[in-house]
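Visitor: If you want the building blocks of each chain, they are given just below.
2 protein chains.
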Amino acid sequence: MSGDNKKLYITNGHVVSMNPKREIFTNGTVCVENGVIRYVGESSGAPSSEGAERVDAYGGLIIPGLINTHTHISMSVFRTLADDMADRLKRYLFPLEARFVTQDLVYWAALHTLHEMIRGGTSTFADMYYFEEQVAEAAEQAGMRAVLGETVVNFPAPDAPEPYGGLGYFKSFARRFQGHPLITPCLAPHAPYTLDDEHLAQIASMADEFDVPVMSHLAEMDFEVSALAEKYGETPVQYYHRLGLLTPRLIAAHCIHVTPEDIDLLSDADCGIAHNPIANMKAGKGTSPVPEFLAKQLRVGLGTDGPMSGNTMDMMHVTSAAAKVHKMAGRDRTLVPASTAFELATIGGARALHMEDSIGSLEPGKRADIAIVSLDAPHMFPVFDPYAVLVYCAGPQDVRDLFVDGRRLLRDYSPLTIDPLEIRKQLGNIVEGVRTGLKSL
Amino acid sequence: MSGDNKKLYITNGHVVSMNPKREIFTNGTVCVENGVIRYVGESSGAPSSEGAERVDAYGGLIIPGLINTHTHISMSVFRTLADDMADRLKRYLFPLEARFVTQDLVYWAALHTLHEMIRGGTSTFADMYYFEEQVAEAAEQAGMRAVLGETVVNFPAPDAPEPYGGLGYFKSFARRFQGHPLITPCLAPHAPYTLDDEHLAQIASMADEFDVPVMSHLAEMDFEVSALAEKYGETPVQYYHRLGLLTPRLIAAHCIHVTPEDIDLLSDADCGIAHNPIANMKAGKGTSPVPEFLAKQLRVGLGTDGPMSGNTMDMMHVTSAAAKVHKMAGRDRTLVPASTAFELATIGGARALHMEDSIGSLEPGKRADIAIVSLDAPHMFPVFDPYAVLVYCAGPQDVRDLFVDGRRLLRDYSPLTIDPLEIRKQLGNIVEGVRTGLKSL
Numbered sequence: 001m002s003g004d005n006k007k008l009y010i011t012n013g014h015v016v017s018m019n020p021k022r023e024i025f026t027n028g029t030v031c032v033e034n035g036v037i038r039y040v041g042e043s044s045g046a047p048s049s050e051g052a053e054r055v056d057a058y059g060g061l062i063i064p065g066l067i068n069t070h071t072h073i074s075m076s077v078f079r080t081l082a083d084d085m086a087d088r089l090k091r092y093l094f095p096l097e098a099r100f101v102t103q104d105l106v107y108w109a110a111l112h113t114l115h116e117m118i119r120g121g122t123s124t125f126a127d128m129y130y131f132e133e134q135v136a137e138a139a140e141q142a143g144m145r146a147v148l149g150e151t152v153v154n155f156p157a158p159d160a161p162e163p164y165g166g167l168g169y170f171k172s173f174a175r176r177f178q179g180h181p182l183i184t185p186c187l188a189p190h191a192p193y194t195l196d197d198e199h200l201a202q203i204a205s206m207a208d209e210f211d212v213p214v215m216s217h218l219a220e221m222d223f224e225v226s227a228l229a230e231k232y233g234e235t236p237v238q239y240y241h242r243l244g245l246l247t248p249r250l251i252a253a254h255c256i257h258v259t260p261e262d263i264d265l266l267s268d269a270d271c272g273i274a275h276n277p278i279a280n281m282k283a284g285k286g287t288s289p290v291p292e293f294l295a296k297q298l299r300v301g302l303g304t305d306g307p308m309s310g311n312t313m314d315m316m317h318v319t320s321a322a323a324k325v326h327k328m329a330g331r332d333r334t335l336v337p338a339s340t341a342f343e344l345a346t347i348g349g350a351r352a353l354h355m356e357d358s359i360g361s362l363e364p365g366k367r368a369d370i371a372i373v374s375l376d377a378p379h380m381f382p383v384f385d386p387y388a389v390l391v392y393c394a395g396p397q398d399v400r401d402l403f404v405d406g407r408r409l410l411r412d413y414s415p416l417t418i419d420p421l422e423i424r425k426q427l428g429n430i431v432e433g434v435r436t437g438l439k440s441l
Numbered sequence: 001m002s003g004d005n006k007k008l009y010i011t012n013g014h015v016v017s018m019n020p021k022r023e024i025f026t027n028g029t030v031c032v033e034n035g036v037i038r039y040v041g042e043s044s045g046a047p048s049s050e051g052a053e054r055v056d057a058y059g060g061l062i063i064p065g066l067i068n069t070h071t072h073i074s075m076s077v078f079r080t081l082a083d084d085m086a087d088r089l090k091r092y093l094f095p096l097e098a099r100f101v102t103q104d105l106v107y108w109a110a111l112h113t114l115h116e117m118i119r120g121g122t123s124t125f126a127d128m129y130y131f132e133e134q135v136a137e138a139a140e141q142a143g144m145r146a147v148l149g150e151t152v153v154n155f156p157a158p159d160a161p162e163p164y165g166g167l168g169y170f171k172s173f174a175r176r177f178q179g180h181p182l183i184t185p186c187l188a189p190h191a192p193y194t195l196d197d198e199h200l201a202q203i204a205s206m207a208d209e210f211d212v213p214v215m216s217h218l219a220e221m222d223f224e225v226s227a228l229a230e231k232y233g234e235t236p237v238q239y240y241h242r243l244g245l246l247t248p249r250l251i252a253a254h255c256i257h258v259t260p261e262d263i264d265l266l267s268d269a270d271c272g273i274a275h276n277p278i279a280n281m282k283a284g285k286g287t288s289p290v291p292e293f294l295a296k297q298l299r300v301g302l303g304t305d306g307p308m309s310g311n312t313m314d315m316m317h318v319t320s321a322a323a324k325v326h327k328m329a330g331r332d333r334t335l336v337p338a339s340t341a342f343e344l345a346t347i348g349g350a351r352a353l354h355m356e357d358s359i360g361s362l363e364p365g366k367r368a369d370i371a372i373v374s375l376d377a378p379h380m381f382p383v384f385d386p387y388a389v390l391v392y393c394a395g396p397q398d399v400r401d402l403f404v405d406g407r408r409l410l411r412d413y414s415p416l417t418i419d420p421l422e423i424r425k426q427l428g429n430i431v432e433g434v435r436t437g438l439k440s441l
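As you go down the protein sequences, you meet chains A and B in turn.
Residue numbers for the first sequence follow my numbering, so the first one is 1 and each next one is one higher.
Residue numbers for the second sequence follow my numbering, so the first one is 1 and each next one is one higher.
One chain only, chain A, in its complex shape:
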């Protein structure tokens, strides 16, 4: 299920390594053995390709697989429902999920979205939803690396009839998947406004006990900020800090409404942050102060958010948006330049997940999560600056090949580990059920 026990010789491309020196090898080769990168550099210095499968990049860019640090992949089944509706989370999304989300829906919608992610060069994703065990099964089948958070909320959830039932679900999920080479189970308290103090504190302890990450929406909503200010005189970040959740385990999604003091707290606690520029723009929620995070060397990665929020899994355009929204907000075109945005999509995402020792860059000793980006399409030519072409020009359709843990998931634009027609058929049936059910909602 993990990397194949064989050698790969990926060559004839420009290697954008994202190593600490940010080296680019213009006539480069990457060698892989048993799922681990063994060589990254100019082709002239590469070891023998004997016994290795040769992969031709056809003059394209060889890059680290993209890392999506925040999503809810099974929500693809609801894509294009209620996009521009005000106050939709409580008015629309929660009721929708209560009505329709089943184990079967989560599994097939996850595979559908994994198909999209594979085609777009994503090698690792961090997800939070219900029936997360089905997301894990789908990810395992697809061969993707994943950090998967079982959602915990203070109301009955699709996979747990009692409030906070996700805690029980998590335990069996963790027992099954902990130690998996690609899948990291974790706890996902939904948000400060959907759990009480006691359960949030309990999750902090459970995370220690199980030694797992914690992912949560944090400082995303106006009403979240005002409610905590009124109740405790605290910001959302201060609130999580008091309850013991601000630790290196935390992957905090959004972090829009944060003060300079909050940024110091997040920095001191070494938390990871998942920045979702497209979803945040579309929601009109405000702009996360990413330039300030970066000035403090915070661990910041990028996320698409779920397909009802960001609509697609297109990490290329999320990266592009990360470069642009801060220029727009700060009225300064030099903010978050292309090279910085591409860092956020790769090594930054790895840091946000505290996985930078194994993924996020092309370096000997790291796991072989690698994408090949074609430069054939007209919008990808010329290339005076490879970071600019990746961030300002590329789209998911330019991804030709993808490897995760040394296993090939995409070959010449075609997915290898999933069955697109079967997925579309199964999801099609589920969508028809939703369509019919919506009429009576």
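Hints should not be assumed to be uniformly reliable.
Not close to chain A: a few residues of chain B, all C-beta gaps over 10 Å, as computed [what the hints assert, rightly or not]:
id, residue
1, 80
2, 198
3, 228
Lysine-lysine pairs mimicking DSBU-like chemistry, simulated, CA-CA at most 35 Å apart [unchecked claim]:
id, chain 1, residue 1, chain 2, residue 2
4, B, 21, A, 439
5, A, 21, B, 171
6, B, 90, B, 285
7, B, 90, B, 231
8, B, 21, B, 171
9, A, 296, B, 285
10, A, 425, B, 21
11, A, 296, B, 90
12, B, 439, A, 21
13, A, 425, A, 90
14, A, 90, A, 7
15, A, 90, A, 439
16, A, 285, A, 90
17, B, 171, A, 285
18, B, 285, A, 285
19, A, 90, B, 439
20, A, 21, B, 90
21, A, 231, A, 171
22, B, 296, A, 285
23, B, 171, B, 231
24, A, 21, B, 21
25, A, 7, A, 21
26, A, 90, B, 6
Keep in mind that the hints were calculated from the coordinates and are not lab data.
Beta carbons: idealized from backbone N, C-alpha and C, even for Gly.
Since the structure of chain A is provided, determine the placement of chain B on it from the hints.
Guide: Leaving out everything else, chain B in the frame of chain A:
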């Protein structure tokens, strides 16, 4: 050179008509004869397909061709140069153009960008640059509809050694192309800060004399606003108004720094506005008040801006950005909903160019500018709302077919009127010259 003298029967798709009632025909057909749309509606009511070429939309969306109201297509040769550089227009772009822009460069770079536009579903574009006659030749070869503005500036330009030499160039350009079925020559005073009062007023008269549109950058730059405030106590819009340029002929690009009074002036004069949300974000220049324009029923279309500004010709993501930047700026997710954004990309663009009687929607009597968008890719499924899938999910890679004036420019993702390999070869040589020349710049 214009529409073929034959019948088309485009069927098996969802027709998003953008007609005044905004009708969508879920099992729809569009019939075309001699480049003119003859029928738009449910397939059940369509006339006989006898003698017509049958075009299968394979269950995709049949939409009006997209309209790009502001670009400089030949700048694709400089793509990814100096993207994140401050104050780059005068420090970098003008010297770059003075050094490298030739007739040959403009022609081949135009064809390269036309290739990209055709693949992305654009059927009409409004361009301003130097050697605009070569852009016209390229557009004519490609079969695209175009409004082409010869640039006029107060310094020596690549195609005119004397300041304001563009005026002379325009005259012969107009003589050659006026009356062309697809190409509308026009005058393009660069901006309030690159021409003097006398020449701007002269251009207003010349536009009347030649009966042509005028396109110009307007209210785009901070320094433009402050200089006019200091010199005349006027806003850029007031300045153009005083000089006689605020007329229905004007297509004003950007209009970022406008007051409520300016909006009234633009509205009273019935000007067209080209909104470039991606380029404006990336430049950190501020946000054009599009919701306020729309409240006054102003003629607003969308543009990519040039490939050194917006980087690509991807009108799908420009449309998506138009839906999102105003939500972000106004902190309101209901602003510029998907249906409104898609209007801007189609009938809105036609209105901005004052061409809404002939293009911008699928209606009997209009010219047959039609794109087919595939729903096959995973990011395009499911479709609960066709506008949302077009605006929030689609990319240029989803465009399967394109017709302009009834002529097929793209068939099943392959361009028919241009030679991609020859273009890449020719532009490759020019790019190598630029690369070498840059070392001594």
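Visitor: Indicate, hint by hint, whether the structure satisfies it.
Guide: Consistency of the hints with the structure:
With a closest Cβ-Cβ approach of about 4 Å to chain A, residue 80/B is found to fall inside the 10 Å limit, against its non-interface label. With a minimum CB-CB distance of about 33 Å to chain A, residue 198/B clears the 10 Å threshold, and the non-interface call stands. Non-interface call for residue 228/B relative to chain A: holds, since the shortest CB-CB distance, roughly 19 Å, exceeds 10 Å. A threshold of 35 Å between alpha carbons decides the hint, and for residue 21/B with residue 439/A the separation of about 24 Å falls inside it, so the pair holds.
Note on residue 21/A and residue 171/B: the hinted pairing is violated, with a Cα-Cα distance of about 55 Å set against a maximum of 35 Å. A distance of roughly 15 Å separates the Cα atoms of residue 90/B and residue 285/B; the hinted pair therefore holds under the 35 Å criterion. Simply put, residue 90/B and residue 231/B have alpha-carbon atoms about 20 Å apart, close enough for the 35 Å limit, and the pair holds. For the proposed pair residue 21/B and residue 171/B, the alpha carbon gap of about 41 Å is over 35 Å, so the pair is violated.
Taken as a hint, the residue 296/A and residue 285/B pair is honoured in the structure, with Cα atoms around 26 Å apart against an allowance of 35 Å. Pair hint residue 425/A plus residue 21/B holds up; C-alpha atoms about 34 Å apart against a cutoff of 35 Å. Only pairs whose Cα atoms come within 35 Å are accepted, and residue 296/A paired with residue 90/B is accepted, the gap being roughly 34 Å. Taking the CA atoms of residue 439/B and residue 21/A, the gap is near 24 Å; set against the 35 Å cutoff, the hint holds.
Restraint check: the Cα-Cα separation between residue 425/A and residue 90/A comes to about 31 Å, which is no more than 35 Å; the hinted pair holds. Restraint check: the Cα-Cα separation between residue 90/A and residue 7/A comes to about 50 Å, which exceeds 35 Å; the hinted pair is violated. This hinted pair checks out: residue 90/A and residue 439/A have alpha carbons roughly 19 Å apart, not beyond 35 Å. Between the alpha carbons of residue 285/A and residue 90/A the distance comes to roughly 15 Å, so the proposed pair stays at or under 35 Å and holds.
In summary, the hint linking residue 171/B to residue 285/A is not supported, as the alpha carbons are separated by about 51 Å, beyond the 35 Å threshold. The suggested pairing of residue 285/B with residue 285/A holds, with an alpha-carbon distance near 21 Å, which does not exceed 35 Å. For the proposed pair residue 90/A and residue 439/B, the alpha carbon gap of about 58 Å is over 35 Å, so the pair is violated. For the proposed pair residue 21/A and residue 90/B, the alpha carbon gap of about 33 Å is at most 35 Å, so the pair holds.
Restraint check for residue 231/A and residue 171/A: satisfied, since their Cα atoms lie roughly 32 Å apart, inside the 35 Å limit. Restraint check: the Cα-Cα separation between residue 296/B and residue 285/A comes to about 26 Å, which is no more than 35 Å; the hinted pair holds. Distance restraint check for residue 171/B and residue 231/B: the Cα-Cα separation of roughly 32 Å lies within the 35 Å cut-off, and the hinted pair is therefore satisfied. Among the hinted pairs, residue 21/A with residue 21/B is inconsistent with the structure: their alpha-carbon atoms are about 58 Å apart, more than 35 Å.
With a C-alpha separation of about 26 Å, the suggested pair residue 7/A and residue 21/A falls inside the 35 Å cut-off, and the hint holds. Between residue 90/A and residue 6/B, the direct Cα distance comes to roughly 54 Å. Violation of the 35 Å bound is thereby established for this hinted pair.
Violated hints, listed in ascending order, are 1, 5, 8, 14, 17, 19, 24 and 26; each of the other numbered hints is respected by the structure.
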